[in-house]
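4 protein chains.
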Amino acid sequence: MAIVETSITPIGTGTPSVSKYVAKCHEVLKEYPDLEYQLTPMGTILEGDLSKIFEAIEKMHEVPFDNGASRVSTLIKVDDRRDKKGTMEGKMRSVLDKL
Amino acid sequence: MAIVETSITPIGTGTPSVSKYVAKCHEVLKEYPDLEYQLTPMGTILEGDLSKIFEAIEKMHEVPFDNGASRVSTLIKVDDRRDKKGTMEGKMRSVLDKL
Amino acid sequence: MAIVETSITPIGTGTPSVSKYVAKCHEVLKEYPDLEYQLTPMGTILEGDLSKIFEAIEKMHEVPFDNGASRVSTLIKVDDRRDKKGTMEGKMRSVLDKL
Amino acid sequence: MAIVETSITPIGTGTPSVSKYVAKCHEVLKEYPDLEYQLTPMGTILEGDLSKIFEAIEKMHEVPFDNGASRVSTLIKVDDRRDKKGTMEGKMRSVLDKL
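As they're listed, the protein sequences go chains X, E, G and L. Read in my numbering, the first sequence has 36 at position 36, and its numbers run on one by one without any break. Read in my numbering, the second sequence has 39 at position 39, and its numbers run on one by one without any break. Read in my numbering, the third sequence has 90 at position 90, and its numbers run on one by one without any break. Read in my numbering, the fourth sequence has 72 at position 72, and its numbers run on one by one without any break.
Chain X on its own, in the form it takes in the complex:
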C-alpha cells in the first residue's frame, strides 16, 4: 500500500494551459477502480498497490503524446510505509491532530 503523487506536464505545446491533458489523464484512472485518488492544485495523489499505481501512471504519461505533445515531463513521488498501513486520510489526520 503506497501513496504516490504524480504530475504530468506536456512541454512545448503552444499553450501554457495543461488542464485539458490533466483531465484526459484522469480518464485512465477509471480503469483502476481499486486505486483511491485525489486531485490537488499541484498533481494527483494515488493510493493503493504500488505496482498498479506505476502501471496507471505509465498509461497517464502517454496521454499528452496521444493528444499532440512531443515531450512530456512526469514527476512521481512515492511515499511507501510498511510499519503501518499508510493512507492519504491517515497521513492528513496525523498532522491535523498535531496542529
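Hints were generated in silico from the structure; no laboratory data involved. Warning: the hint list may mix true and false statements.
Below 35 Å or equal to it, Euclidean Cα-Cα: the simulated DSBU-like pairs (lysine-lysine) are [stated by the list, open to error]:
| no. | chain 1 | residue 1 | chain 2 | residue 2 |
| --- | --- | --- | --- | --- |
| 1 | X | K85 | G | K59 |
| 2 | X | K59 | G | K85 |
| 3 | X | K30 | E | K84 |
Just so you know, these numbers come straight off a predicted model, no measurement behind them.
Keeping the supplied structure of chain X fixed, place chains E, G and L upon it in accordance with the hints.
Just chains E, G and L now, with coordinates in the frame of chain X:
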C-alpha cells in the same frame, strides 16, 4: 502570484513518522497571513507572492533541525503562470470542469 | 527512449547516511545491461526504454526495505521526448553548445 | 552548506526544446562565484550557502519569463546535512566507495 508545493522530510531520525515535523512546519505559516495554503497527503501547497513563499519555505526547512534532525530533504515545486492569475482554486476548477 | 532521474531515500533509519542504500540500489542496475545510467550527487539518471526503467526503479525502491527500512520516499522525474532521440549526452551537449 | 538540484522548465512555448533557456539560466550563476555547480542531463546541482542558492534559483526562475515564456515550472530539491560538511564530491565518493 505563484503556486508552490513543498514537502520537508527529516532524514535519519529514529522513526519513520514525520507528522510531528510537518505540524511544526505549519506553525511557521502563521507568520505569513498573506499566503494561502493547503495541506495534502503529500505536502503543503502555498499560494501567493513567490518571494514570500520562498522565505516561508526557507524557515520551514529549518524546523526539523530545530527539533533534532541532522539532515533534511526539502522538495519544492513552483508553478508560476503570468498570462493569467493562477490560483489553487482556479487550477482545480479548470480540470474539474473538463472531467 | 526516455531519460529518468530517481532518488530513493529511506526514512527513519536512525542515521542520516544513505550511501549504503544507494550503492545497493545500483546492484539492481546490473540486471539491466540495456539501460545507460549515471550517478550524480542528487540521484541516478537512467536512459533507455521507459517500461524497463520503471521496472528497474520499482526493484530499486524495494532495496531499502530489504535492508531494514520501514519507510521509503522515492522521487522519479521522467523526461520523455519523441520528436527526436533524447539522450543524456545529447541534452548536455545542446546546453553546453549554448554557454 | 547545502546541495540543491534545480530544473527550470518553460511551459507552452511552442517548442519542446528548452536548452536555450537552461543556458541563459546558467548566465545567472556567473553572479555567484561562491557557489559550486554542476550541469547534469536532468538539472543543475548547486553547492554552497542555502540562502545564496535560493537567491540564485529565484533569479534563474525569472529567465524563461524574460525570454517570452508565460508559465514556468521550477523543481528544487534540497539536501541539507549538518552532522558533517555535505559536498557534491563527498556524496559521490561515499557511494562509489561502496560499489
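Cross-check of the supplied hints:
1. X/K85 - G/K59: 21 Å, holds
2. X/K59 - G/K85: 21 Å, holds
3. X/K30 - E/K84: 31 Å, holds
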